[in-house]
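Chemist: The chain contents come next:
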Amino acid sequence: MANTVVAFQSAYRVSEPDLIARVLAGDRVAARDLYDAHSPRVYRLAFRLTGDADLAREFTQDTFVRAFGQLSRFRGDSALSTWLHRITVTVVANAMRKVKRFRERETDLEDVHPLGSDSMGVDPVLRERLHRAIDQLPEIYRTTVIMHDIEGYTHTEIAEVLGVAEGTCKSRLSQARAQLRVALADLAPELES
Amino acid sequence: MTEDRFEDLMRDAAQTYRKPPEPDFEAMWNVVSRETWGVTRPTRRSFNVPRGIGIAATLLLGIGIGRATVTFKAASPTTVPVATTPVAAHTDSIPEPAPYSAETSQYLGQTAALLIALPSEVKAGRANGQFLSRAGELLTRTRLLLDSPAANDPTMRNLLEDLELVLAQVVHLENNQNRTELDLINRALEQRDVIPRLRTAAADISAN
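So the protein lines, in turn, are chains A and B. Per my numbering, the very first residue in the first sequence carries number 1; after that it's consecutive. Per my numbering, the very first residue in the second sequence carries number 1; after that it's consecutive.
Incorrect hints may appear among the rest.
[Claimed, not checked] In silico SDA-like cross-links for lysine to any residue, where the CA-CA straight-line distance does not exceed 20 angstroms:
{"hint": "1", "chain 1": "A", "residue 1": "170", "chain 2": "B", "residue 2": "10"}
{"hint": "2", "chain 1": "A", "residue 1": "98", "chain 2": "A", "residue 2": "152"}
{"hint": "3", "chain 1": "A", "residue 1": "170", "chain 2": "B", "residue 2": "6"}
{"hint": "4", "chain 1": "B", "residue 1": "19", "chain 2": "A", "residue 2": "170"}
{"hint": "5", "chain 1": "A", "residue 1": "170", "chain 2": "B", "residue 2": "14"}
{"hint": "6", "chain 1": "B", "residue 1": "123", "chain 2": "B", "residue 2": "171"}
{"hint": "7", "chain 1": "B", "residue 1": "19", "chain 2": "A", "residue 2": "132"}
{"hint": "8", "chain 1": "B", "residue 1": "19", "chain 2": "A", "residue 2": "51"}
{"hint": "9", "chain 1": "B", "residue 1": "19", "chain 2": "A", "residue 2": "152"}
{"hint": "10", "chain 1": "A", "residue 1": "170", "chain 2": "B", "residue 2": "7"}
{"hint": "11", "chain 1": "B", "residue 1": "19", "chain 2": "A", "residue 2": "122"}
{"hint": "12", "chain 1": "B", "residue 1": "19", "chain 2": "A", "residue 2": "121"}
{"hint": "13", "chain 1": "B", "residue 1": "19", "chain 2": "A", "residue 2": "135"}
{"hint": "14", "chain 1": "A", "residue 1": "170", "chain 2": "B", "residue 2": "11"}
{"hint": "15", "chain 1": "A", "residue 1": "98", "chain 2": "A", "residue 2": "51"}
{"hint": "16", "chain 1": "B", "residue 1": "19", "chain 2": "A", "residue 2": "18"}
{"hint": "17", "chain 1": "A", "residue 1": "170", "chain 2": "A", "residue 2": "181"}
{"hint": "18", "chain 1": "B", "residue 1": "123", "chain 2": "B", "residue 2": "182"}
{"hint": "19", "chain 1": "B", "residue 1": "19", "chain 2": "A", "residue 2": "55"}
{"hint": "20", "chain 1": "A", "residue 1": "170", "chain 2": "A", "residue 2": "182"}
{"hint": "21", "chain 1": "B", "residue 1": "19", "chain 2": "A", "residue 2": "133"}
{"hint": "22", "chain 1": "B", "residue 1": "19", "chain 2": "A", "residue 2": "98"}
{"hint": "23", "chain 1": "B", "residue 1": "19", "chain 2": "A", "residue 2": "182"}
{"hint": "24", "chain 1": "B", "residue 1": "19", "chain 2": "A", "residue 2": "58"}
{"hint": "25", "chain 1": "A", "residue 1": "170", "chain 2": "A", "residue 2": "187"}
[Unchecked claim] Restraint ranges, calculated between C-beta atoms of paired labels, are given here:
{"hint": "26", "chain 1": "A", "residue 1": "156", "chain 2": "B", "residue 2": "119", "range": "36 to 46 angstroms"}
{"hint": "27", "chain 1": "B", "residue 1": "7", "chain 2": "A", "residue 2": "77", "range": "26 to 36 angstroms"}
{"hint": "28", "chain 1": "B", "residue 1": "140", "chain 2": "A", "residue 2": "53", "range": "37 to 47 angstroms"}
{"hint": "29", "chain 1": "A", "residue 1": "52", "chain 2": "B", "residue 2": "140", "range": "42 to 52 angstroms"}
{"hint": "30", "chain 1": "A", "residue 1": "183", "chain 2": "B", "residue 2": "172", "range": "54 to 64 angstroms"}
The hints are simulated quantities; they were obtained by calculation from the structure and are not laboratory data. We put the CB at the ideal spot given by N, CA and C, even for glycine.
Construct the complete structure from the given sequences, taking the supplied hints into account.
Modeler: Quick look at the structure:
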């Protein structure tokens, strides 16, 4: 996350606090700069959490509409990216409670070709089983797994975004992984191969 | 299940689990902009004009605007002409009403002159109240033109929207502004190809 900010600042030689001040003063070019710098990762996070391109787009938009509307409340205690991702996770979580279809992926295991492995060396059945197992994790575990294992956030970043202690974050990840192992237990012989 | 095998699976998931498709960030920005400020921001061009080309375009624009302004002054009365012939039948391409063409041409020339002069005026410390007031007047005219038939043409509308953004920045310049302020304006001009597009628009209107 910090890399994004550094790259952004070095590219434009304008500090993020300056840009934020400009946005607050009504400068929409500065707002666009902030959007350009942060929207790809916000969108990616939204998509990973929802698995739906339309919803991810909608939630990314919601994130920025809320962020620009509440920017005056941003105190700078954390990085702007952390604040934005916190809004994203909140927007997605609130919507997911209403839209259950996120969790209902219709892919049937029988539809997945069971033979052979792809170029990554992972059997498609195993892959699909893991994906489904991640989908079925409780929300707090799933969010942690997605942010840490899928999107590469550090525990510190996740703790800031989710507003929990770093230890809590580590504990959630450990429990989530344990649940994933249980979910894949019946495929253990194949995993050993 | 071995730890290594599980880690392999998780690494694979990082590449394959809900792999995001590339969205249309520009369209998303338009929604954000509309819902936040009630306007739709234009597309930002992804390429930058090399500085040399920018300078050459600026010189050409200056010459072109100067010639167009002289021609315009010689040919146009000081009052807006009243149409004495019936308006042509509706066609696929709706012609821009003449009064707006005249107003737009004059506006483009004055805006180009101000934007071209901006760096030197700032450097010389002459971007004072009068200069900023002039930018404010042009900003008002930009918004009036955006609400007029002159903005029916999408290309012109995009240009006017970009000019609105740039002029709004100029208006917020202060007499003691630092270099960053000017850099931001120059960057906006460059990224949005404002000067070359002004030249093209002025030439198009002069040709008609």
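Chemist: Of the hints given before, which are not true for this structure?
Modeler: Numbers 2, 4, 16, 22, 23, 25, in rising order.
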